[in-house]
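Student: Residues per chain are reported as follows:
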Amino acid sequence: MKGRLGIRIRSIVRRSMLGYGLMLCLVAAAAPPKVLHVALGSAETGFDPVMTSDLNTAAIEQQLFESLLTYDYLARPAKLVPRLAAAMPEVQEGGKLWIFTLKRGVWFAPDAAFTEPRREVTSADVVYTLMRFMDPKNRSPYKFLLDGKIVGLDERAEMARRTGHFDYDTPVAGLQMLDRYRLAIRLKATDYNFGHAMAQPMMGVVAREVIEKYAGDTASHPVGTGPYRLGRWMRGARIQLLKNPNFRQERWHFTATNEQDQRLVREMEGKPIPSIDEIDLQVVEEPQSAWLSFGKGELDILGIPAQFAPLALEGDRLRGDWRARGIRLERSVDPSIAYYFINQEDPVLGGQGADKVALRRAIFLAIDDAEMIRVMAKGQAIRNAYPIPPGVAGYDPGYRSLLNFNPWLANRLLDAYGYRRGRDGYRQLPGGGELALHYTTGLSSQDRELDEVMKKSLDRIGLRFISDKRKFPDIIRAERQCLIQFRLSGWVADYPDGDNFMQLWYGPHTHENNASCYRDATWDRLYEATLTLPDSPQRDALYHRLARRLELQGVTKVSTSPVRNVLSQPWVMGFKVHPILPSVWAYLDIAAEHAAGRAP
Amino acid sequence: MTHPGMAMFLLRRLLHALLTLLGVVFLVFVLFNWVGGDPATLLAGKMASAEDIANVRHQLGLDLPLGSQFLLFLEQVVRGDYGESWATHERVSTIFWTRLGPSLTLLLPLLLLQTLLSLAVALLVAAWRGSWLDQGVRVVSTVAMSISLLVYIIVGQYWLAYVWGWFPVKGWSDSLGTNLSTYAVLPILLGLMVSIAPSVRLYRSFLLDEIDQDFVRTARAKGLSETRILWVHVLRNAAIPIVTDVLMGLPGLLTGAFLLEHFFAIPGIGREVIMAVERSDFPLIKATTVYVALATLLTNLLGDLLYRWLDPRVRLE
Chain A
1 MKGRLGIRIR SIVRRSMLGY GLMLCLVAAA APPKVLHVAL GSAETGFDPV MTSDLNTAAI
61 EQQLFESLLT YDYLARPAKL VPRLAAAMPE VQEGGKLWIF TLKRGVWFAP DAAFTEPRRE
121 VTSADVVYTL MRFMDPKNRS PYKFLLDGKI VGLDERAEMA RRTGHFDYDT PVAGLQMLDR
181 YRLAIRLKAT DYNFGHAMAQ PMMGVVAREV IEKYAGDTAS HPVGTGPYRL GRWMRGARIQ
241 LLKNPNFRQE RWHFTATNEQ DQRLVREMEG KPIPSIDEID LQVVEEPQSA WLSFGKGELD
301 ILGIPAQFAP LALEGDRLRG DWRARGIRLE RSVDPSIAYY FINQEDPVLG GQGADKVALR
361 RAIFLAIDDA EMIRVMAKGQ AIRNAYPIPP GVAGYDPGYR SLLNFNPWLA NRLLDAYGYR
421 RGRDGYRQLP GGGELALHYT TGLSSQDREL DEVMKKSLDR IGLRFISDKR KFPDIIRAER
481 QCLIQFRLSG WVADYPDGDN FMQLWYGPHT HENNASCYRD ATWDRLYEAT LTLPDSPQRD
541 ALYHRLARRL ELQGVTKVST SPVRNVLSQP WVMGFKVHPI LPSVWAYLDI AAEHAAGRAP
Chain B
1 MTHPGMAMFL LRRLLHALLT LLGVVFLVFV LFNWVGGDPA TLLAGKMASA EDIANVRHQL
61 GLDLPLGSQF LLFLEQVVRG DYGESWATHE RVSTIFWTRL GPSLTLLLPL LLLQTLLSLA
121 VALLVAAWRG SWLDQGVRVV STVAMSISLL VYIIVGQYWL AYVWGWFPVK GWSDSLGTNL
181 STYAVLPILL GLMVSIAPSV RLYRSFLLDE IDQDFVRTAR AKGLSETRIL WVHVLRNAAI
241 PIVTDVLMGL PGLLTGAFLL EHFFAIPGIG REVIMAVERS DFPLIKATTV YVALATLLTN
301 LLGDLLYRWL DPRVRLE
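Here the protein sequences line up with chains A and B, keeping their order. Under this note's numbering, the first sequence has 173 at position 173, and the numbering climbs by one with no breaks. Under this note's numbering, the second sequence has 298 at position 298, and the numbering climbs by one with no breaks.
Please note that the accuracy of each hint is not assured.
As the list claims (entries may be wrong) - Dumping the calculated DSS-like pairs for lysine-lysine here, alpha-carbon to alpha-carbon at most 25 Å:
(1) B:46 - A:149
(2) A:137 - B:46
(3) A:149 - A:79
(4) A:469 - B:46
(5) B:46 - A:471
(6) B:46 - A:188
(7) A:378 - A:469
(8) A:188 - A:96
(9) A:455 - A:356
Source of the hints: derived by calculation from the structure; they are not laboratory data.
With the sequences and hints as input, model every part of the structure.
Tutor: What follows is the structure, given as structure tokens:
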């Protein structure tokens, strides 16, 4: 009897457990999808990585495609880690030979282009992806990452230019498939930064059969191995990213480097990547609209537009009522610089004569960087005089600039070198001719403010200001032709290494991106020496000399680096601003209570 | 007008339209090459070499002689195929037709409401000319016209959408019903606040011109009701300038309402055209200009035919 009762009890317990389990399954199945709502400040331009040039598109491609390497989510300064690669590459022959081993079992997202049910990524896909950058038909804006680097690849591109056809079938000497998962990339010269090139989102690996199936419209058919795949797409308005069903099992595991990170680790450790079911991207070009949407809770993450910083912040902190709502503020200095340059080939300002150098240095000394930060950046920038910004390898936090704001010294310099004031109060050339500075800016309202700040600066030292207004494409073209006299420009890190910034003044880059058209044999020799060195104190010392020489010769004045302020709603978990990765959505989660429609 | 006369009229107008279109095509081509900027420097990327820029120019056909480029443009106009966008690689025809939908969803109701409401108010104040109502509407119209659309948008979006939450701050969906009932309501309302005032003043003056005519006095003498006089006799005679005004607004539908689209994140053709100009995306600029020119020519023709229909005394010559 006792035994039968026991069996019945066990049976009831089993049924109850089964029922409870079933209920849990149903509840889980009915759990509302987690959706992250994000605004893009400009419309996407299509999703073929090789054709990508803008940051918003790159942010989306970061989730759709995977490159060989990427950057650790939490480590600062940014640190390279494997993504499609199973481990960091073996770098041999003094940085000339890079051997990558791919992870096994990485599958492309499902697509009709594939004949097999699941298509695995192999080293042939990586070779094909790299070759596409050099195909003239793709006119890739990021071709420079491979230009002149891989043995045999430039010659293949040259042949394509001549014949009108890029040969993808004949092997390239510098791109050797060692086996299905191993690849050796042989470079023409030592390049310790090649790993950074392999971490760019536009280096996301694609499959040849997909590109060939959708030839002519590849930008509409992104098929990658990333954590998300493209869902509904209303061009220029709304982009839906859904979990890629073929994405491998990956868990959130990053090491905290500070106290704030430890909260993220506690929140996220061990969660699947990705945890959010859907990313809802909305193109919102107008900052007011994005700002108000975030305030209403319609957006989950928002970079504070500069003009709204005074409304959102109290000093360096988020305003009190928003803090009370649980909204979080992430602040970090962007890996970019704003710098003034003077065209060294300009007939009035250029040249290495002592009077010309003095004039250029006086101009730079008259610029009040604090005013620029206050007026232009609404306080959201730091004074950074070094050509390499914080967070980028090679940055020198102890650098002391010679060109800090000092109008008294600027006036003394001009007086000493014979730039006398005329009857109208403006200075003339030492020989007596008219001296006027043509300052080039764009056509926006912000550019008008730039003009006003510069006019005020030059008035301080009696130099006549003339505004040179041009459309942005015209500015770029004129810069390349060394026709701009004087301008405030900017550079954002493509990768977090000092070389990406120092190359801006390299002589052979004149008519490319050396906008100051600066050609100095000593400077070039020192710069070339940095290319043979990895990130090291020796290289830093050379960078220091290069930076100082730019100031001494009055070539450039590095002014500021912007501060990025990003807000996240209280229900967003695991968020941290990354200085290089254009998007981090796969590393985030949404509080389940919020996803279920309740407050967190 | 006899049928042969009408055929001659249409033939003549079509010939004029063709010549005008040719002029527009030539003007766009000259302007782009003169002040349009060099798209190749932007498209080649920020670290492009001179060789890369030359390659982009070659791929886009910008290295061809100007005469050949112009002939290619003409060929595109004839075929109605402008190739693909230089910036996004999307077919221009796809861009145009997919972005036109949102613009029309916004602007057609706006144009319709603007016309009907303006006409209704204009009839009302014309009937009570000089009354406090007339004076009040004139003052309100003048004030409304003096305020920029930008102010309406910024203030309206802040108070009506953000503070009071009556509307979404911005957004668009792929459902026409959702757009008309949810996302387009506030932009249409704000658009109306700007566009209705000048129309009311214009239509009022058209109606007053007719109210003073002899035929109105005769109609009154015959004992017709004021309502009939106003709705049938006055309105019919004022219809020609009103139709002209409405038709003049039609080609604008093709270029969208940039500010409304920009602030309310509506993926319309206005926003696309502005982006195309910023990016020197010539294929899209070409297509839009030609389509707008065509629409203008066609609406002019339609206008002439409508005049004839509204007033048989009008001769089409």
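Student: I'd like to know which numbered hints this structure contradicts. Please list them from smallest to largest.
Tutor: Those not satisfied: there are none.
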